[in-house]
Amino acid sequence: MQIDFSRLGDDKLFLVLSSAERLKKNNSHIIHTLTGQGYRVVVITTNQPSAVLKRLYTADGIDLKKVSFIDAITKYALGKAPPGQEDCRFINSPSNLTDLGIAITEVLNSLAGKKACLLFDSVSTMLIYIPSTNISKFIHFITSKLRLVDASGIFLAVEKGLDPLLLTQLTTYVDNTIDMDVILEGSNEKQVQ
Amino acid sequence: MQRGENTPYTVHQLWVLIILGGICIGLEVGVHLFLRTAIGYTHIFYILLVLAAVWYYKKALWVATALVAATFLSSLAVGDFNWATLLRASMFLLVTYIVARISEERDRARSDILAQKEAIEKKHFALIGYLSEVTLRIKNPVKILRDNLLAIRMEFDGNGPDLDSVKMELSAQLAHTEQILANFQELNQQVIEEQSEIPDAYREFLTR
Numbered sequence: 069m070q071i072d073f074s075r076l077g078d079d080k081l082f083l084v085l086s087s088a089e090r091l092k093k094n095n096s097h098i099i100h101t102l103t104g105q106g107y108r109v110v111v112i113t114t115n116q117p118s119a120v121l122k123r124l125y126t127a128d129g130i131d132l133k134k135v136s137f138i139d140a141i142t143k144y145a146l147g148k149a150p151p152g153q154e155d156c157r158f159i160n161s162p163s164n165l166t167d168l169g170i171a172i173t174e175v176l177n178s179l180a181g182k183k184a185c186l187l188f189d190s191v192s193t194m195l196i197y198i199p200s201t202n203i204s205k206f207i208h209f210i211t212s213k214l215r216l217v218d219a220s221g222i223f224l225a226v227e228k229g230l231d232p233l234l235l236t237q238l239t240t241y242v243d244n245t246i247d248m249d250v251i252l253e254g255s256n257e258k259q260v261q
Numbered sequence: 004m005q006r007g008e009n010t011p012y013t014v015h016q017l018w019v020l021i022i023l024g025g026i027c028i029g030l031e032v033g034v035h036l037f038l039r040t041a042i043g044y045t046h047i048f049y050i051l052l053v054l055a056a057v058w059y060y061k062k063a064l065w066v067a068t069a070l071v072a073a074t075f076l077s078s079l080a081v082g083d084f085n086w087a088t089l090l091r092a093s094m095f096l097l098v099t100y101i102v103a104r105i106s107e108e109r110d111r112a113r114s115d116i117l118a119q120k121e122a123i124e125k126k127h128f129a130l131i132g133y134l135s136e137v138t139l140r141i142k143n144p145v146k147i148l149r150d151n152l153l154a155i156r157m158e159f160d161g162n163g164p165d166l167d168s169v170k171m172e173l174s175a176q177l178a179h180t181e182q183i184l185a186n187f188q189e190l191n192q193q194v195i196e197e198q199s200e201i202p203d204a205y206r207e208f209l210t211r
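In order, the protein sequences belong to chains R and L.
The opening residue of the first sequence carries number 69 in the working numbering; numbering runs sequentially from there.
The opening residue of the second sequence carries number 4 in the working numbering; numbering runs sequentially from there.
Don't read these hints as lab results, they were simulated from the structure.
Yeah, the Cβ is synthetic: ideal placement off N, Cα and C, and Gly gets one too.
Hints may contain errors.
What the hints assert, rightly or not - Within a straight-line C-alpha distance of at most 30 Å, the following computed DSSO-like cross-link-like pairs (lysine-lysine) qualify:
1. K148/R to K133/R
2. K170/L to K143/R
3. K228/R to K126/L
4. K205/R to K146/L
5. K93/R to K183/R
6. K80/R to K213/R
7. K126/L to K143/R
8. K80/R to K93/R
9. K126/L to K93/R
10. K228/R to K61/L
11. K228/R to K120/L
12. K170/L to K93/R
13. K133/R to K228/R
14. K133/R to K183/R
15. K170/L to K148/R
16. K205/R to K126/L
17. K143/R to K142/L
18. K122/R to K148/R
19. K170/L to K122/R
20. K93/R to K133/R
21. K142/L to K205/R
22. K146/L to K228/R
23. K205/R to K93/R
24. K93/R to K146/L
25. K125/L to K205/R
26. K148/R to K146/L
27. K170/L to K133/R
28. K170/L to K134/R
29. K93/R to K182/R
30. K170/L to K228/R
31. K122/R to K183/R
32. K122/R to K146/L
To be verified - Label pairs and their in silico Cβ distance ranges:
33. E154/R to R149/L: 42 to 52 Å
34. G147/R to I116/L: 50 to 60 Å
35. D155/R to E181/L: 52 to 62 Å
36. T201/R to K125/L: 14 to 24 Å
37. E108/L to P199/R: 41 to 51 Å
38. L134/L to K134/R: 38 to 48 Å
In isolation and in its complexed conformation, chain R is listed as follows (with noise of 0.2 Å):
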């Protein structure tokens, strides 16, 4: 499944919905959709481990060396960070947002000038760490950072894990809201026909 990034480049910001079951595998789609345009990606991660999330990569064929992680689940979860891992930054908790804030403001630095996205995996688990008050202001010191250094950016979010409110301010934040379920539901009307 080719996910439509065309406009990626006009439009930089995104605002990803899926379903949870398919959460990995569209994280997967949109890693190899962005690679293979040649993005450097940095992928925020709340939600499965680092560690995980690469080893799906390889399994799809995506070259690991386009992508780096900020991992805000795994010390949390296991207590520490696995050894092997230097292409990664780890993070707490997913509730610090203030050390996340740094490291994303460190990567979004290092990448100045290359075609990089930040990919945020996500939205929805961070509501079980933070109030949507924050979460809110959060993504938009992210957005309006990724807007600063002219890098793009997609948040992706469980579908039906926000409520109205919260879903209308990030829609504000970002240039673009695309339904993964629908294009996934698209695609198989078409295969069926």
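Starting from the structure of chain R, add chain L where the hints point.
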């Protein structure tokens, strides 16, 4: 609308009082001074005094005082100043004062009710906000957790899952579960702190 605001309605009220005041003075001069009778026409003064008291409360006593002065002057000029003049003048002041007090009390009670209604609505909105945050931070994360577990379960349907990955994924889901439980306890704590009528046994159960 606040009293004292210069709205078209208050301007309209002022004009009504000015016109009525003019009519009253006209009657005092025309009927009392020229027709030499003090009977009947003063009843019309009460329209002016009651309206002034309803709209401007005790400030209407100034209007009443002005009418009393006009009555005294015309009575002195005509030469019929007696106990009836004094009674009429004191009735002007008394009626104005009573209507002003009643109007003041009525409007104060109305503004109290409005303030109470506003406070209840505010509390209601806060409750709705609280409930939607509870839904967002408890119900939806549980759904996400269920779907994540379903996704992990689906990995077993393929050629056989990568057990190390599954272990790490389950650890992440466990961490999510612990945080959801902590959120739930925090929310319960807030509820029982607000609700003093919850019995101790239930209070202990909620925070366990």
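Original post:
Holds or violated: K148/R with K133/R, Cα cutoff 30 Å?
Top reply: Measuring from Cα to Cα gives roughly 24 Å; hence the hint holds.
**OP:** Starting from K142/L, check that the Cα of K205/R is at most 30 Å away, please.
**Re:** holds (22 Å)
**OP:** Would you check the hint for K148/R and K146/L, treating anything up to 30 Å between C-alpha atoms as holding?
**Re:** OK: K148/R and K146/L at ~27 Å, within 30 Å.
Original post:
So does G147/R sit 50 to 60 Å from I116/L, Cβ to Cβ?
Top reply: holds (58 Å)
Original post:
Under the criterion that the straight-line Cα-Cα distance not exceed 30 Å, is the pair K122/R, K148/R satisfied?
Top reply: Holds, at about 17 Å.
Original post:
K133/R and K228/R: Cα distance at most 30 Å?
Top reply: violated (33 Å)
Subject >> Proposed proximity, K146/L with K93/R (alpha carbon, max 30 Å) >> reply: Within the cut-off at roughly 18 Å; holds.
Original post:
Per the hint of 52 to 62 Å, is the separation of the Cβ atoms of D155/R and E181/L within bounds?
Top reply: violated (28 Å)
Original post:
For the pair supplied as a hint, K93/R and K183/R, is the alpha-carbon distance within the 30 Å limit?
Top reply: holds (24 Å)
Subject >> 30 Å Cα cutoff - pair K205/R, K146/L >> reply: holds (24 Å)
Original post:
Straight-line Cα separation of K170/L and K93/R no greater than 30 Å?
Top reply: At roughly 18 Å apart (the allowed maximum being 30 Å), K93/R and K170/L satisfy the hint.
Original post:
Is K228/R within 30 Å of K120/L, Cα to Cα?
Top reply: violated (35 Å)
Hints 7, 9, 10, 11, 13, 33, 35 from the earlier list are contradicted by this structure; the remaining hints agree with it.
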